[in-house]
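*Asks:* Spelled out from the first residue to the last, the chains are:
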Amino acid sequence: MHEMSLCEGIRKVVEAQAAAHAASKITKVRLEIGRFAGVEKHALAFAFEVVMRGSVAEGAMLEMIDLPGRALCFECAEEVEIDNRLNPCPTCGSGKLMPTGGQEMRIKDLEAI
Amino acid sequence: MCTVCGCGESKVAGHSHDHSHHHHHDHDHGDLHFGHGPAGVSVPGMSEARLIEVETDILAKNNIYAQRNRAALAGLGALALNLVSSPGSGKTTLLCRTIEAFGDGPLAVIEGDQQTANDAERIRATGAKAMQVNTGKGCHLDGHMVGHAMEHLELSPGAMLFIENVGNLVCPAGFDLGEDAKVAILSVTEGEDKPLKYPDIFTASRLALLNKVDLAPHCDVDLDLYETNLRRVNPEIEILRISARTGEGMAAWIAWLKAALAAKPRKDATR
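Residue numbers (our numbering), protein chains in the order written: chain W, 25 to 137; chain V, -19 to 251.
Mixed in with the good hints there might be a few duds.
Chain V side only, calculated, beta carbon under 8 Å to chain W, not exhaustive [to be verified]: (1) Ala29; (2) Arg30; (3) Leu31; (4) Ile32; (5) Glu33; (6) Glu35; (7) Ile38; (8) Leu39; (9) Asn43; (10) Ala105; (11) Thr106; (12) Gly107; (13) Asp156; (14) Arg186; (15) Leu187.
Calculated lysine-lysine pairs in the DSSO-like style (CA-CA distance at most 30 Å, straight line) [as the list claims (entries may be wrong)]: (16) W/Lys120 x V/Lys117; (17) W/Lys120 x V/Lys177; (18) W/Lys120 x W/Lys65; (19) V/Lys177 x V/Lys117; (20) V/Lys117 x W/Lys132; (21) V/Lys117 x W/Lys65; (22) V/Lys177 x W/Lys65; (23) W/Lys52 x W/Lys132; (24) W/Lys65 x W/Lys52; (25) W/Lys65 x W/Lys132.
Simulated from the structure, these hints should not be mistaken for laboratory data.
None of the values given here were measured: they were computed from a predicted structure.
Cβ atoms here follow ideal geometry from the backbone N, Cα and C, with glycine treated the same way.
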């Protein structure tokens, strides 16, 4: 999903944060990416390197923290963790699941000098 | 191109205005573009790394625009539906038929495509107000584009606003436009497993319209399997079988629209 434009969004936030904190260089960017966020991590890492060129975060390390996929099972009425969008409920085997978590795409923090 | 607002590549092309058009899309969007100041200067001796807590959604800027649109719609008691589908599912034909069947209430359309104003022209031919938004290289509409288009449309209180997103089953799922609901349009020629292949868009939708059902006998498809697969990725999704061409199921769709519009709270009593 449009990893290049997501990176352009990251660059804007990073540049704003760097300016606000008078940082001369950003050495690391940590993201939290949900299992169901629709983000292809390899594509994001590739785009990140390209998009950050010429910014305060040029050459910065990119770390992606995975957040688990969660869904509400309509049979058990409980929130369960699932690895795959189409997996059945690990408790009761029902296929009636509504995703409740795992769509996150957040910039957690930055390392700056 | 500005990621969130699409400025630089996108343009809003609509009906002619007698006032001068002031959205040149070369503005800087305020506080996100001030990263060219003192931070670019290196400070000798300051080498110790420090942590800056950010905790910001990557799409935060889009979400701000979307909330602004949602508030504007709430103020008018207008209902906005974000129509999502793959290219060629029959969205524009469906919209034209819907406008004809909808009756007299105020109605407007925002048309999103990468290029051409063809769709807005088709909508305007029905007599409805329409704005074309060309996204350039963009694969989806975003909150900022829709906000500009809404300003141009000057929506009436209690209006029905259809936002026809760029034909794409992937990216529009992630971008809130401020709409009341997403409506997915899936034509029977696309294959029963589309909801399983592209689950996010169907999970994000309140209603799925299974369109072109008149073609079902000619293309060996199982309409019940479409419904099973839609419910597998979204147990709460509502489904209507329709054909914009023959009119089958259109009455149920219009009834759904009228009920959704009637359920939208009205802040003012002008209607």
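*Asks:* Against this structure, judge whether each hint is valid.
*Replies:* Verification of the supplied hints:
Contact between V/Ala29 and chain W, as hinted, is supported at the beta carbon level, the nearest pair being about 5 Å apart and thus within 8 Å. Of the supplied interface hints, the one on V/Arg30 holds, with its beta-carbon coming within about 6 Å of a beta-carbon of chain W, less than 8 Å. Because the beta carbon of V/Leu31 sits about 5 Å from the nearest beta carbon in chain W, less than 8 Å, this interface hint is met. The restraint placing V/Ile32 at the interface with chain W holds, with a minimum CB-CB distance near 4 Å, inside the 8 Å limit.
A cut of 8 Å between beta carbons decides the hint on V/Glu33: the least distance to chain W is about 5 Å, and the hint holds. Satisfaction of the interface hint for V/Glu35 is found here, the shortest Cβ-Cβ separation to chain W being roughly 6 Å, below the 8 Å cut-off. This hint holds: V/Ile38 has a C-beta 4 Å from the nearest C-beta of chain W, less than the 8 Å allowed. Taking 8 Å as the C-beta cut-off, the interface hint given for V/Leu39 holds, the closest approach to chain W being about 6 Å.
A cut of 8 Å between beta carbons decides the hint on V/Asn43: the least distance to chain W is about 11 Å, and the hint is violated. For V/Ala105, the suggested interface contact is broken, since its CB lies about 32 Å from the closest CB of chain W, more than 8 Å. With its C-beta approaching chain W no nearer than about 32 Å, V/Thr106 sits outside the 8 Å limit, and its interface hint is violated. Hint on V/Gly107 is violated. Least Cβ distance to chain W is approximately 35 Å, over the 8 Å limit.
Checking V/Asp156 against chain W by beta carbon gives a least distance of about 12 Å; that is not within 8 Å, so the hint is violated. Taking 8 Å as the C-beta cut-off, the interface hint given for V/Arg186 is violated, the closest approach to chain W being about 12 Å. Among the interface hints, the one on V/Leu187 is violated; its C-beta lies about 16 Å from the nearest C-beta in chain W, farther than the 8 Å criterion. About 37 Å separates the Cα atoms of W/Lys120 and V/Lys117, which puts this hinted pair outside 30 Å; it is violated.
Using a Cα cut-off of 30 Å, the hinted pair W/Lys120 and V/Lys177 holds, with the two alpha carbons roughly 17 Å apart. This hinted pair checks out: W/Lys120 and W/Lys65 have alpha carbons roughly 28 Å apart, not beyond 30 Å. For the hint linking V/Lys177 to V/Lys117, the alpha-carbon distance of about 24 Å falls within 30 Å, and the restraint holds. Straight-line distance between C-alpha atoms of V/Lys117 and W/Lys132 comes to about 29 Å, which keeps the hinted pair within the 30 Å bound.
For the proposed pair V/Lys117 and W/Lys65, the alpha carbon gap of about 22 Å is at most 30 Å, so the pair holds. The hinted pair formed by V/Lys177 and W/Lys65 meets the criterion: a straight-line CA distance of about 19 Å does not exceed 30 Å. Distance hint between W/Lys52 and W/Lys132 is fulfilled; the C-alpha atoms sit about 11 Å from each other, no more than 30 Å. With a C-alpha separation of about 16 Å, the suggested pair W/Lys65 and W/Lys52 falls inside the 30 Å cut-off, and the hint holds.
Between the alpha carbons of W/Lys65 and W/Lys132 the distance comes to roughly 16 Å, so the proposed pair stays at or under 30 Å and holds.
Of the hints listed earlier, those the structure fails to meet are numbers 9, 10, 11, 12, 13, 14, 15, 16, in rising order.
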